[in-house]
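**Q** One letter stands for each residue in the lines below.
Protein chains: 2
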Amino acid sequence: MRAEIIAVGSELLTSERLDTNSLFLTAELNRIGIRVIHKAVVGDSAEEMTASFRHALETGDVIVSSGGLGPTDDDRTRTTVAQLLGRKLLLNEEILERIQTRFRRYNRPMPEINARQAMVPEGAIILPNPRGTAPGLWLETSAGRIVILLPGVPSELRALFECEVKPRLARVAPSERLFTRELRITGLPESEVEARVSPTYALYPDAEVTILAAPSGIQLHPRIWSKNAPQAEKLLDEMVRQMALPLGEHLVSINGETMEEVIARLLTENRATIAVAESCTGGMLAEHLTNLAGSSNYFLGGVVCYSNQMKTALAGVPASLIEAKGAVSAEVASALADGIRKSAAATIGIGITGIAGPGGGTPEKPVGLVYIGIADEHGMHSHEYRFSAADRDRNRQMATQAALDLVRRHFLFPRPANGR
Amino acid sequence: MRAEIIAVGSELLTSERLDTNSLFLTAELNRIGIRVIHKAVVGDSAEEMTASFRHALETGDVIVSSGGLGPTDDDRTRTTVAQLLGRKLLLNEEILERIQTRFRRYNRPMPEINARQAMVPEGAIILPNPRGTAPGLWLETSAGRIVILLPGVPSELRALFECEVKPRLARVAPSERLFTRELRITGLPESEVEARVSPTYALYPDAEVTILAAPSGIQLHPRIWSKNAPQAEKLLDEMVRQMALPLGEHLVSINGETMEEVIARLLTENRATIAVAESCTGGMLAEHLTNLAGSSNYFLGGVVCYSNQMKTALAGVPASLIEAKGAVSAEVASALADGIRKSAAATIGIGITGIAGPGGGTPEKPVGLVYIGIADEHGMHSHEYRFSAADRDRNRQMATQAALDLVRRHFLFPRPANGR
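Top to bottom, those sequences are chains W and U. Per numbering that gives the first Met the number 0, the first sequence starts with residue 0, numbered consecutively. Per numbering that gives the first Met the number 0, the second sequence starts with residue 0, numbered consecutively.
No wet-lab data here; the hints were simulated from the structure. Be careful, since some hints might not be right.
[Claimed, not checked] Short, incomplete list of chain W residues facing chain U, as computed with Cβ under 8 Å: (1) Glu47; (2) His54; (3) Leu56; (4) Asn307; (5) Met309; (6) Thr311.
[To be verified] If you want the ones that stay clear, here's a sample from chain U, every Cβ over 12 Å from chain W, calculated: (7) Arg34; (8) Lys38; (9) Arg53; (10) Leu84; (11) Pro173; (12) Glu191; (13) Ser225; (14) Glu237; (15) Gln241; (16) Ser328; (17) Asp375; (18) Tyr384; (19) Arg414.
In this text, a Cβ means the ideal position worked out from N, Cα and C, and glycines have one as well.
Construct the complete structure from the given sequences, taking the supplied hints into account.
**A** Structure, rendered in structure tokens:
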């Protein structure tokens, strides 16, 4: 079964807006075995809308549209589709009553214009919308196509799809459906991840893999369409094992778990606490470590010390050390880590110092140079990174990810004692 | 002139990827007077691609596609378009030579498969791609349509559009083009912004306004198509003045300047410095205050103090005060602000304490309750906020925005002395 998605709305043709409803719809349709073969965005023009729906009706078994069901002159989905399918638009008293009730509840008179939302193409099934005035509509054409009209407001669209559309579609959808996995990788560029895992692809010709690059790392999404759930799950498990080997310690999770979730689990399992002292990342590391509920169980505190005085005052870094080695140095990173660990009485301390850019670089200490220190009761050490991003935000994000990864590796791949 | 944008690639039909190239293309096309009337995403199937391009050729004056120009079997844009337009595909020696040179530069032999990228539909103008192997192609149909094929890699697409496509399109584009403004608003929900400014819309029927809601606040983008630049600019200036009135102190900027940029300017103009002590926002405020280059000129430092001990140790909040008033209280917010201001010797101190959720709320102190304190040499005061977001991240973002806004208001709308 093949689906086409049409998003209606002139604001979706500006340079500021994307049709994000289609991501939700695609995930839901795939889950019940329906593939999306085409997506379109059209404005409010009746001519363009007609052309788009006509095109969709030629190739899709299911057409799902979002938007254009409001009460104004610009909302033309109902009339366009009725005309295209040769159906009359009839006033539905039940919908009208529901809309009037809704307005009464908010103590407002129903504007005359809203009555349009009660106009329904002949033969349509009405999908009640508990969150808004525009109901969804389900139509079946003489050629056996299914046309589903949904409102564009994401919360309304989602609720309607979940409660009304999905159960109906599931009854007609094929038994084949989509199975997926989500691998998260850190510390490798997209091209390197691709090079390492692509030999696996040839072994699993039935599977497809999407690679996504985000500031938080690389994600791999292997997926397979199958009628046989146990077989598909087994194949994906095997495939993930094959992909995991060349990724080694860079593999953060195979089940969609985020870096923050992995760290939260490791800290909790080890009854460890953490405190951080950041310079160039400006609070981003603390922000990431506290973005999960319950983080107060392991995160004790952090300091953002931009100036040298603050490095001394807040994290106890000796002024003489900063003078001797420079604020951006391996030694100061370690001292920041150890200083904050002691002042917070934490199990682990992390220190970051570097040059986020775009200014402040020198030939010896260029933009992108970052030192990250980690300290525990046994001692401290630090790592040097040279990030090459041109922009400040990217360098800060990469430094934050590298620091989070140091915490992960601290638990999973402890260094031999003499390495400290 | 009307444009259609087609994005080619099966990965763009998954639930994880959006065609973001179209935002760049739309902005660029609008800037030279070309409106985008339809966007489509198609997979790698020749049948679907043919249908999409045929549809586009029926209604658009300019068709811009991205993707499908690679060397593999799945890259079918060249062949599909050549077939649809009835053109032969010919090997272009110049392109072949360029691709071979590119591989030689990286000391790799050119795989035979890459020769496909040198196949060009008869009559096409070749747009050299300095960043990749696939050149762009420019075709003109007998009916006078312009078809532009670009690679899908964003950096290649952007460079090709800037250098090769834009100057060529500008020669044929109409004199009418798009004029825009960008207003940023803080501290009001989207519906309230809409209610306040929508009466203005009727006064400017030629203008359209897009409203965008982001964690950093609401944005309004009024825009107008016009052949007369001075007239359009004047009309937009007037319209912005009209919209600004009902927004009052909530209006952050009318020229796209971000909250962080406004604060950086105000701090610099006033030769002021700032330090922050955060609890529930976990470093997010410091991160925002340091995300601009040069922030070390005004940002002295920050502390993230989750535990009560850290509030005392890092920001000098008396333990007795926390005991008497509770960690989440107006008094502790003020004490955090004043404590960090003094320890960092800053002009302004900010303190935040609250309950981000989802746990930790009580009937008296529910999730979303946040106190933000601000201190300067004249004293300190604090504000109570009750954010209603269900999710933790949203509450943290709203608290961060509210704190940034307090700094902005401190300079722009100083409180009378007795209000402190």
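**Q** Decide, hint by hint, whether the structure agrees.
**A** Consistency of the hints with the structure:
1. Glu47: The hint holds - W:Glu47 has a Cβ within 8 Å of chain U, the shortest such distance being about 6 Å.
2. His54: 5 Å, holds
3. Leu56: 12 Å, violated
4. Asn307: This hint is violated: W:Asn307 lies away from chain U, its Cβ roughly 11 Å from the closest one there, beyond 8 Å.
5. Met309: Holds, about 4 Å.
6. Thr311: The hint is violated - W:Thr311 has no Cβ within 8 Å of chain U, the shortest such distance being about 11 Å.
7. Arg34: Its Cβ does come within 12 Å of chain W, the nearest being 8 Å, so this is violated.
8. Lys38: Contrary to the label, U:Lys38 does not stay out of reach of chain W, its closest Cβ about 4 Å off (not over 12 Å).
9. Arg53: Label violated. Min Cβ-Cβ 9 Å, cutoff 12 Å.
10. Leu84: 19 Å, holds
11. Pro173: 18 Å, holds
12. Glu191: 16 Å, holds
13. Ser225: The assertion about U:Ser225 holds, with a minimum of 16 Å to chain W.
14. Glu237: 22 Å, holds
15. Gln241: Since the minimum Cβ distance to chain W is about 21 Å, U:Gln241 lies beyond 12 Å and the statement holds.
16. Ser328: 17 Å, holds
17. Asp375: 19 Å, holds
18. Tyr384: 19 Å, holds
19. Arg414: Its Cβ never comes within 12 Å of chain W, the nearest being 27 Å, so this holds.
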